[in-house]
Amino acid sequence: AQSVAQPEDQVNVAEGNPLTVKCTYSVSGNPYLFWYVQYPNRGLQFLLKYITGDNLVKGSYGFEAEFNKSQTSFHLKKPSALVSDSALYFCAVRKGYSTLTFGKGTMLLVSP
Amino acid sequence: EAGVAQSPRYKIIEKRQSVAFWCNPISGHATLYWYQQILGQGPKLLIQFQNNGVVDDSQLPKDRFSAERLKGVDSTLKIQPAKLEDSAVYLCASSNRTSPLHFGNGTRLTVT
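Protein chains in written order, with the numbering used here: chain Y, 11 to 122; chain E, 0 to 111.
Hints are computed from structural coordinates only; laboratory data are not their basis.
A hint or two may mislead.
Stated by the list, open to error - Some chain E residues near chain Y, calculated using beta-carbon distances under 7 Å: (1) Leu38; (2) Gly41; (3) Pro42; (4) Leu44; (5) Asn104; (6) Gly105.
No experiment lies behind these values; they were computed from the predicted model shown.
Here a beta-carbon is modelled for each residue, glycine too, at the ideal position from N, C-alpha and C.
All chains should be modelled from the sequences, with the hints used to inform the complete structure.
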């Protein structure tokens with residue numbers, strides 16, 4: 011069975027500072043990894059994905075994530091946070107074209 | 000491209016009543032998903048269709064939930080009878096084999 015852990019319910023960061031939202035996964039074989047963002051009363055929006063290749067993937071709105079196979083992690087990062095980045099972030103994993111499994115989400119709060 | 004359309008946006012019903020949600024996926028997307036998102040949790044897959052066939056419905060409470068995608072395009076999810084614990088946001092998503100999932104804005108169901 012595949013699973014995702016997001017160990018932090020909430021991350022607080024000041025505007026302009028770097029941010030990291032943590033994600034670890036468990037899946038047999040090679041994972042497909044995703045980050046989605048959810049704004050209030052909206053559906054999830056795709057940010058970025060790792061399928062294969064370079065371990066550092068870049069996505070929308072200046073976000074990036076680093077795939078670390080030895081640590082089974084896929085942390086989301088941004089060099090300089092914006093207040094408008096405040097939202098709920100979900101990490102997700104699947105093997106091949108199997109079902110996509112989501113973590114419980116991490117609320118990111120960026121203060122002015 | 001037009002996004003995934005869902006209706007209604009909000010629904011309030013009493014327990015033991017029935018309710019139906021509608022989803023129209025992105026044109027050309029063969030795969031359609033229904034997810035349940037309970038407050039404070041990540042989305043949980045209820046059912047996945049490939050065209051008009053069911054790929055995965057292992058987490059669908061089949062005694063009360065049903066879903067169909069008769070013509071391989073739009074889909075309906077029904078709950079009958081509803082329970083208090085069914086209160087959640089119901090998200091529809093679609094994809095093709097190479098794309099990430101694209102989500103609709105969801106239907107927020109409140110069961111009283």
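Going down the list of hints, with the structure as the test:
Given hint, leucine 38 (chain E) at the interface with chain Y, is violated; its Cβ is 11 Å from that chain's nearest Cβ, farther than 7 Å. The beta carbon of glycine 41 (chain E) comes within 4 Å of a beta carbon in chain Y, closer than 7 Å, and the hint placing it at the interface holds. For proline 42 (chain E), the interface hint holds, the least distance from its beta-carbon to any beta-carbon of chain Y being 5 Å, beneath 7 Å. With 7 Å as the threshold, the beta carbon of leucine 44 (chain E) comes within range of chain Y, its nearest partner Cβ sitting at about 5 Å, so the hint holds.
Given the 7 Å rule on beta carbons, the hint for asparagine 104 (chain E) holds: about 5 Å separates it from the nearest Cβ of chain Y. The interface hint given for glycine 105 (chain E) is met, as the beta carbon of that residue sits about 5 Å from the closest beta carbon of chain Y, less than 7 Å.
In the structure shown, a violation is registered for the earlier hint numbered 1 alone.
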